[in-house]
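Trainee: Those protein sequences? They're chains A and B, same order as listed.
Residues in the first sequence are numbered from 1 upward in steps of one, following the working numbering.
Residues in the second sequence are numbered from 1 upward in steps of one, following the working numbering.
Worth double-checking, as some hints may not be accurate.
One copy or any two copies: either way a pair holds, since identical chains are not told apart in the list.
Derived lysine-lysine pairs resembling DSS-like cross-links, with alpha carbons at most 30 Å apart [what the hints assert, rightly or not]:
| # | residue 1 | residue 2 |
| --- | --- | --- |
| 1 | Lys246 | Lys336 |
| 2 | Lys285 | Lys306 |
| 3 | Lys98 | Lys340 |
| 4 | Lys319 | Lys336 |
| 5 | Lys319 | Lys51 |
| 6 | Lys27 | Lys45 |
| 7 | Lys340 | Lys285 |
| 8 | Lys254 | Lys98 |
| 9 | Lys289 | Lys166 |
| 10 | Lys28 | Lys306 |
| 11 | Lys306 | Lys27 |
| 12 | Lys165 | Lys306 |
| 13 | Lys336 | Lys98 |
| 14 | Lys134 | Lys173 |
| 15 | Lys319 | Lys166 |
| 16 | Lys336 | Lys285 |
| 17 | Lys319 | Lys54 |
| 18 | Lys285 | Lys254 |
| 19 | Lys51 | Lys98 |
| 20 | Lys166 | Lys246 |
| 21 | Lys319 | Lys35 |
| 22 | Lys205 | Lys336 |
| 23 | Lys54 | Lys254 |
| 24 | Lys246 | Lys340 |
| 25 | Lys98 | Lys134 |
| 26 | Lys221 | Lys340 |
| 27 | Lys289 | Lys336 |
No lab work stands behind these hints: they were computed from the structure.
As the structure is a computational prediction, the values presented were derived from the model and not from experiment.
2 protein chains.
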Amino acid sequence: MRISFVISSIFLGATILFAASGEELIKKAIDSGLKPIPVGNELTKITGDTKQNKLKIELGKKLYFDPRISSSNLISCNTCHNLGLGGADIVPAAIGHKWTQNPQHLNSPTVYNSVFNSSQFWDGRSAHLQDQAKGPMQAAQEMNASPEVVIAKITSIPEYVVAFKKAYGENVKIDFDTIADAIAVFEKTLVTPSRYDDFLRGNTKALSAKEQEGLNVFIDKGCTACHNDINLGGTMQPLGVAREYKFANIGGFKGDVNGMVKTPTLRNILETMPYFHNGQYWDVKDAIKEMASIQLGAEISDEEAKKIEVFFNSLTGVKPEITYPMLPAQTLDTPKPEFK
Amino acid sequence: MRISFVISSIFLGATILFAASGEELIKKAIDSGLKPIPVGNELTKITGDTKQNKLKIELGKKLYFDPRISSSNLISCNTCHNLGLGGADIVPAAIGHKWTQNPQHLNSPTVYNSVFNSSQFWDGRSAHLQDQAKGPMQAAQEMNASPEVVIAKITSIPEYVVAFKKAYGENVKIDFDTIADAIAVFEKTLVTPSRYDDFLRGNTKALSAKEQEGLNVFIDKGCTACHNDINLGGTMQPLGVAREYKFANIGGFKGDVNGMVKTPTLRNILETMPYFHNGQYWDVKDAIKEMASIQLGAEISDEEAKKIEVFFNSLTGVKPEITYPMLPAQTLDTPKPEFK
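So that you can see chain A by itself, here it is in the shape it has in the complex (with noise of 0.2 Å):
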C-alpha cells in the first residue's frame, strides 16, 4: 500500500512536473530560437496562397512526379525527394542517372519544409526552391536534362502547354525558369506541422511527458545553436566547433567556400534515415552525439540521446494529401529518352 502510493507519486509527479513545466519549456525553447510553422497569413507569406496558386500547384505537382523530364524518362524529382519517404530517399548518396552517385557523397535534404531553409542544397548555394529545381534536372549524375532537353519535352506535350497557359497566362514563355517555377510553387506547399508546433503555441499536452524531458535536454545541450527557428536547421553553419570534422573521411564535400554547410532540418528526422550530409549514420543517436562532439564539444549520454530522439518523434509532421498525378500523354515530337 505504502509501496504503491510512493510509485504512484513518483509517476504522478513525473507527469506533474513536466505538465507544470510546459510553459516555461515553452519559453525557453522560443528564448533559445526555436520556432513553429506559422498559421494563416503569416504561413501564406511564405509558402504562397495556395488557392490563388492554384494551378500553379498542380501543374508544378506533375512536373514533380513526371519522370520525363530526366534525359532517361526514368528519374523525377520526387525520385531522390519522396514524398511518401519522409521527402527524402532513405540511402546514403543520392543515386542518379547511370547509376551514378552523388559524386561527393550527398545525401538527398527532404523537400518537406524546405520553404523555410535560409537556403537551399547542402553548401548553401541557392537561395530559393525556383532555383534550386533547375540544379538535378541539369547534373550529370542526377536527371542529366539540359533546359532545352526539359524545355522540348514540355512544349511538345499539348496538356502541359494548356496547364501553363492556364497558370501562367496565355503569353507565357515556357521556359527553364517557369518550369522551375512551377515545380517550386508546389513544393513550397509540402509543409508538415506536427504536435510540437501546438506545443510551442502554447498547448503543454501536445507533448508527452518523455517528449517534453527530450526538448529539454536538447536545448540544455545546446543544439539549438544550429537546430533552431522554424525548421529547426536551414540555416548555413560552421562545420566542426569543437573539434576539427573530416569532410574527407567520405566523398570531398567540404561545404561552402567558407566551409560552412547547411544545418538539415530535424522535422521529420525520423523518417529520413541516413543521417549527416553523407548520409553515414543510420542511428540517430549516433548522429546527435557525433554531432554534439563536433560542434558542441559536449559529451551526450546513450540515455541522453535517447531522449532526444523520443523529443524527435514529436517532429514528424502531417503531411500534406497528395493525389498521385495522371500526367499527360507525350507525342511524336517528344524527345525521346536517352540512357548513356
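Following the hints, position chain B against chain A.
Mentor: Structure of chain B alone, referenced to chain A:
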C-alpha cells in the same frame, strides 16, 4: 449554294451514317469478340470486392509504391509500371537495378487492367498477378531483392506488421506469397473503363463518328483476331502468322516454349508508347501497320492506320484516384540498401 449543299450533305451523311450504324457496329464488335469491362458483381468477381478488401488494398498500395522492397531502396513496382504514365515507363526496354536494361529488351507492359489478361509477362509464364509480382522483386536486372530480404525489410517495420495483421488476421505469416498477394489485390483494382465500354454497352453516342469509323476499320482488318475480349488483348498468340517475325531484331526474346507471345492490351495504348514487346515503335501507326503485316498479311494504309489511331483515343480510360501513400518509417533492424 449547290456546292455547299453537296458538301453539307457529305458531312451530314458521314455523321448520320455512323450514328445510324452505331448499333450495327456494336453488334459487329461484340460478334468479333470484343467485350466491355464488366460492372457490378461481374466486375467484383474478377477484381475482388474493394470494400471487403479495403485493408489489403491500402497495404498493397503502400508496397506497390515502396522502393525499399528493391535491394537498392530505389526501385518500386511503380518505377516501371508508373500509375501516372498509363501504368508503364515510356522507355523501350525496362531499366532496373544498376541501370541494367532488360536483357531480352522487353518493354514494361501496363499494370492497368492487367487483371483482365489471361496470363502475365510477355511469355505468359505467370497465371495471375500474385505470381507475377514475385518476378520483378527477385530479378537481378529489376529490383534484385531475394524473398528473404523483402521479408526482412517488411517485418522490420512495425507499421507494416500491424497492417498485415489487420488485413490478413492476427496469425498471418508475412511471407513472400502474402506480400505478393497484397500487391496483387491492389493491382486488381487498377481498371480503367472508358467511353468505349459505354459504347459496347449500347450508348452509340459514346464514340464520335470518326472513332466508330476507326473501330470499323479495326474489325474489318481482322485486328480482333488477337486484340479481343475485355482487354483487346491479354491472351497468348503466335507471332509471325502471315510472315516470319524476326524476334532477334532487338534482344533475344522468342516468346514462350511454343513461340507464343502475350498480346498486349490496347486499353490506354496512346499513353504507353513505345510499342511491341521490344518497344521498337514510338508511332502507334507504325505498330499498327507492321503488326497487320506480320499477323494478318494485311496492308494497312497510312490513312487507315490514322483511323484506327483515332479509335484508340476511346480506349483511354478513367484511372482510379490514388492518394499517394505515406510509407512507414523503417527501423535499425531494417536491412540497409545494397547497390552492387
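Trainee: Taking the hints in turn, state whether each one holds.
Mentor: Hint-by-hint comparison with the structure:
no.: 1; hint: Lys246 to Lys336; result: between (43 Å within a copy, 24 Å between copies)
no.: 2; hint: Lys285 to Lys306; result: within (6 Å within a copy, 63 Å between copies)
no.: 3; hint: Lys98 to Lys340; result: both (7 Å within a copy, 13 Å between copies)
no.: 4; hint: Lys319 to Lys336; result: between (34 Å within a copy, 25 Å between copies)
no.: 5; hint: Lys319 to Lys51; result: both (18 Å within a copy, 25 Å between copies)
no.: 6; hint: Lys27 to Lys45; result: within (25 Å within a copy, 61 Å between copies)
no.: 7; hint: Lys340 to Lys285; result: between (41 Å within a copy, 28 Å between copies)
no.: 8; hint: Lys254 to Lys98; result: both (25 Å within a copy, 28 Å between copies)
no.: 9; hint: Lys289 to Lys166; result: neither (51 Å within a copy, 38 Å between copies)
no.: 10; hint: Lys28 to Lys306; result: within (21 Å within a copy, 71 Å between copies)
no.: 11; hint: Lys306 to Lys27; result: within (23 Å within a copy, 71 Å between copies)
no.: 12; hint: Lys165 to Lys306; result: between (52 Å within a copy, 29 Å between copies)
no.: 13; hint: Lys336 to Lys98; result: both (16 Å within a copy, 21 Å between copies)
no.: 14; hint: Lys134 to Lys173; result: within (16 Å within a copy, 46 Å between copies)
no.: 15; hint: Lys319 to Lys166; result: both (27 Å within a copy, 23 Å between copies)
no.: 16; hint: Lys336 to Lys285; result: between (46 Å within a copy, 17 Å between copies)
no.: 17; hint: Lys319 to Lys54; result: both (18 Å within a copy, 22 Å between copies)
no.: 18; hint: Lys285 to Lys254; result: within (24 Å within a copy, 54 Å between copies)
no.: 19; hint: Lys51 to Lys98; result: neither (39 Å within a copy, 42 Å between copies)
no.: 20; hint: Lys166 to Lys246; result: neither (50 Å within a copy, 47 Å between copies)
no.: 21; hint: Lys319 to Lys35; result: within (19 Å within a copy, 42 Å between copies)
no.: 22; hint: Lys205 to Lys336; result: neither (56 Å within a copy, 36 Å between copies)
no.: 23; hint: Lys54 to Lys254; result: neither (39 Å within a copy, 50 Å between copies)
no.: 24; hint: Lys246 to Lys340; result: between (34 Å within a copy, 26 Å between copies)
no.: 25; hint: Lys98 to Lys134; result: both (19 Å within a copy, 25 Å between copies)
no.: 26; hint: Lys221 to Lys340; result: neither (49 Å within a copy, 40 Å between copies)
no.: 27; hint: Lys289 to Lys336; result: between (49 Å within a copy, 21 Å between copies)
Of the numbered hints stated above, those contradicted by the structure are hints 9, 19, 20, 22, 23, 26, listed in ascending order.
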